[in-house]
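Student: The whole structure should be built from the sequences, with the hints applied where relevant.
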Amino acid sequence: MAHSGAAEGSALIKELVALSRNNGKLVRSSKYTAPADSSITVSSWKMAEHKYYVVPSPFPTLARGIFSVEQPDGEHRIVARGYDKFFNIGEVGWTTWAALEQHTSPPYNLSLKSNGCIIFIAALTPDKLLITSKHSVGPASGEKKLSHADAGEGWLRKYLAQKGRTEADLASVLWGNNWTAVAELCDDSFEEHVLAYPPELTGLHLHGINESTRAFKTLSQAQVNAFAAEWGFIQTESTELATIDAVRAFTSEVGKTGAWNGVPVEGFVVRTHVSQPSPDASPRSAPPYPAGSSLFFKVKFDEPYMMYRDWREVTKSLLGMRNKQVKGKDDGMSVAKLPKSKMRRSETQAYARWVIEEIRRDPTAFAEYNDNKGIIAVRERFLAFLASDKGKQAVREKSEEPATTADPFGKTVILPIAIPGCGKTAVAVALSHIFGFAHTQSDDVQSRKAAPLFIKNVTDLLKTHDVVIADKNNHLVQHRQALRDATASFSPRVRLMALNWSLDAHAPAMVHRICADRVQTRGEKHQTLRPDAAKGHEDVLWTFIAKTEPLAPIEVDEVVEMALEDGLEDMVRRAVDACVRVLGLPSPGAATVNAALERAREYAPQVKRSDLHAGSGKAKAKDAKAPRYFALLPEVELGSILGTALAEVPFWQALQQAERVTQRPHVTLVHKNALTQEDDEAAAAEAREFWARCKELHEMTGGHPLFRLKLGHVVWNERVMAVTVDDVQLANEGAVGQAGAEFVAMLPEEARKRLHITVGTRDADVPPVEAKNMVEEWRKTGGGAQSVPLGGVATGRVKGLIA
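Each residue of the sequence shown is one higher than the one before, counting from 1 in UniProt numbering.
Honestly, the hints are just simulated from the structure, not real lab data.
This structure is a prediction, so every number in the text was calculated from the model and none was measured.
Virtual Cβ for every residue (Gly too), placed ideally from N, Cα, C.
Incorrect hints may appear among the rest.
To be verified - Pairs of lysine-lysine, DSSO-like flavour, derived with a Cα cap of 30 Å:
id, residue 1, residue 2
1, Lys300, Lys31
2, Lys85, Lys256
3, Lys217, Lys158
4, Lys134, Lys25
5, Lys695, Lys710
6, Lys298, Lys113
7, Lys390, Lys256
Stated by the list, open to error - Listed next, with one range per pair, are the computed distances between beta-carbon atoms:
id, residue 1, residue 2, range
8, Glu689, Glu561, 40 to 48 Å
9, Lys625, Asn773, 56 to 64 Å
10, Lys31, Pro789, 39 to 47 Å
11, Pro650, Glu561, 33 to 41 Å
12, Pro279, Trp97, 15 to 23 Å
13, Asn372, Lys456, 34 to 42 Å
14, Gly176, Asn88, 32 to 40 Å
15, Asp570, Gly436, 19 to 27 Å
16, Glu777, Gln677, 15 to 23 Å
17, Gly176, Lys337, 54 to 62 Å
Tutor: Here it is in structure tokens:
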């Protein structure tokens, strides 16, 4: 029997197979012999967790938990399918309250977020079940006697017996509807988590039923509850609200105590649907689903859940310290060694001191703690202690008033999220002049271990200043986390306010052009990154563009969106307005702002590192590499311009999913190999002359000609895809116009016939030069490839590239 959507499901698994072969770190599968039928092998698919946050997604699905079987005809069947990854408020762009109001439609069903481990129940065959945890099947390996899947199966068998039903009865229903039942195993006798469950709520909480298809399709809460009642599962409590404002108000009220109906809760899962986009809706905040699709998001509470979780992790850390200590009187446990990020609450500080003494007094009580046994009992003992006079005194020893995440902010760290050339230091200089903020630069630190010294400079300045500007690119998550960790123990809390120069809104070549021009213009006024004739600074910028990790709103307390294309005056005014709004500062007068702008324009660093190459900050100048080829860099984002035209083209989808779409589109003009063609000296001479012209444009310092590229067709075969470039014209006039016009006139006719952008190759074994050969053949005969008209214009410059 072929279920609806079987072909799409099989295609999805084939894409996962291909992706896992090309990039095993991105997607991987594990194979299991199905416990219900040893003749069937089940594949469990797991995606790299951190990549779920990337937009556009590198995966062909956002599902967390997919199990499949290969059929005799080579096709695949999705046996069990989990939910698509859903995010907390502010965790991604489409789960801010503003985005949810724009892009979702009522009703909004809020169900309790269970605190256990997920169990999938699906039909392996029409009369046999597959019961899994999120990613595994069958017994656990190692010393643990019972796996999550086995524990879940035990509860399911109990329910079937109570209802007088058989495995075949349930399998028949799931098979006939192509459903996966999604439950949470909450059983403290098997494994404790953070929240405790009484006997009547111990077992399998049914909270969803998904269709086992490629697309995320899930049944309503009412249907799920009816199924739970019919088959004996514990129903998940829920409520339904009519507007996103009502959801926000309701969860805000519950969040004040972290309890609903008198019971502590981790949070709520909110189920809704994607609405038809309105004309004023921002496409940048839209969820990655078409209108009408199911959409989940979650609202998690800090208190008491996060505090309880911190206590659990603190205890495990202390036990780890103790286990590492082999000899000597000191048992190795110390509050000072604990992560500062978990110690911001005075209750947690009191807990850490208390639990150290408990471990020393009765270590047997913690014998199974790392196996998630005894967590709740330890916590209950501490809560009893905390309610006593002695416990209250222990909290007061650290601070007269317990610090919680609801406490007001005391001081502020302003951190740019940027790359070189965005303008972050100029804005920082202006802000420090206007408001008197402290300003420390990472580039001023002259040490091989600059990162910890920079963090120390920030925290030292916080002792004497209310606002500190942490002037560093902070383009990696680890940089932002380091600032968060370093300031976590401050009381009152330190606000992190990001000035975010997001790169996502622009094509990489445009980002590079803007930032490279600014680095060129500032010249020697930088500690390390200074322009040179070899254009080494441009290679550095490409590295930053490639490695930058976009800011998630949840990483900081406030985000101020800056605009890369703004001039200095507009950038400073954006930042000033944010400081006035967020920090409650008086608005500065025009004269003060103008003086600050002048100070920023005149700024030159006090420290310069002449021992480092101006381009890379690491390599010596003599190591700068000469270009291997010259190319036009079109300012296009291929995913945006090709997405609609190729929506139904499998090869395009495969390139995206395998991350084989080039991140730096370019149009090759001349390669150094063409300069020494032994069989055609005339062609070699022409190539050398054209090379010299390209080199001249590449090395210009007083502005660069900008060219307009006319895009033609998207052309592809089973190995490679390209966009043809039908014409090149000069786009800007002025002082650089003459050089640009001469370049266009010199562009060889043979080169014009092969101009193209290589979109991507099937795998690393396919050389990009195949795109040139394909385009030339297609232009001559119209054959050898498929094509779709594209059209449109892109601008770009001539640059020398080494890779």
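Student: Determine for every hint whether it applies to the structure shown.
Tutor: Quick rundown of the hints versus the structure:
1. For the hint linking lysine 300 to lysine 31, the alpha-carbon distance of about 34 Å lies beyond 30 Å, and the restraint is violated.
2. For the hint linking lysine 85 to lysine 256, the alpha-carbon distance of about 27 Å falls within 30 Å, and the restraint holds.
3. A distance of roughly 29 Å separates the Cα atoms of lysine 217 and lysine 158; the hinted pair therefore holds under the 30 Å criterion.
4. With a C-alpha separation of about 18 Å, the suggested pair lysine 134 and lysine 25 falls inside the 30 Å cut-off, and the hint holds.
5. Distance restraint check for lysine 695 and lysine 710: the Cα-Cα separation of roughly 23 Å lies within the 30 Å cut-off, and the hinted pair is therefore satisfied.
6. A distance of roughly 8 Å separates the Cα atoms of lysine 298 and lysine 113; the hinted pair therefore holds under the 30 Å criterion.
7. Between lysine 390 and lysine 256 the CA atoms are separated by roughly 26 Å; this keeps the pair inside 30 Å, and the hint holds.
8. A C-beta distance of roughly 47 Å is found between glutamate 689 and glutamate 561, which places it inside the suggested range of 40 to 48 Å.
9. A C-beta distance of roughly 27 Å is found between lysine 625 and asparagine 773, which places it outside the suggested range of 56 to 64 Å.
10. Distance hint check: the CB atoms of lysine 31 and proline 789 are about 44 Å apart, consistent with the given range 39 to 47 Å.
11. The beta-carbon spacing between proline 650 and glutamate 561, approximately 37 Å, falls within the hinted interval of 33 to 41 Å.
12. At roughly 20 Å, the beta-carbon separation of proline 279 and tryptophan 97 lies within the given 15 to 23 Å, and the hint holds.
13. The supplied range of 34 to 42 Å is met by asparagine 372 and lysine 456, whose beta-carbon atoms lie about 37 Å from each other.
14. For glycine 176 and asparagine 88, the Cβ-Cβ distance of about 36 Å falls inside the hinted range of 32 to 40 Å, so the restraint holds.
15. Against the hinted window of 19 to 27 Å, the Cβ-Cβ separation of aspartate 570 and glycine 436 comes to about 23 Å, which satisfies the hint.
16. Range check, glutamate 777 to glutamine 677: about 21 Å between beta-carbon atoms, so the 15 to 23 Å window is met.
17. For glycine 176 and lysine 337, the Cβ-Cβ distance of about 57 Å falls inside the hinted range of 54 to 62 Å, so the restraint holds.
When each numbered hint is compared with the structure, violations occur for hints 1, 9.
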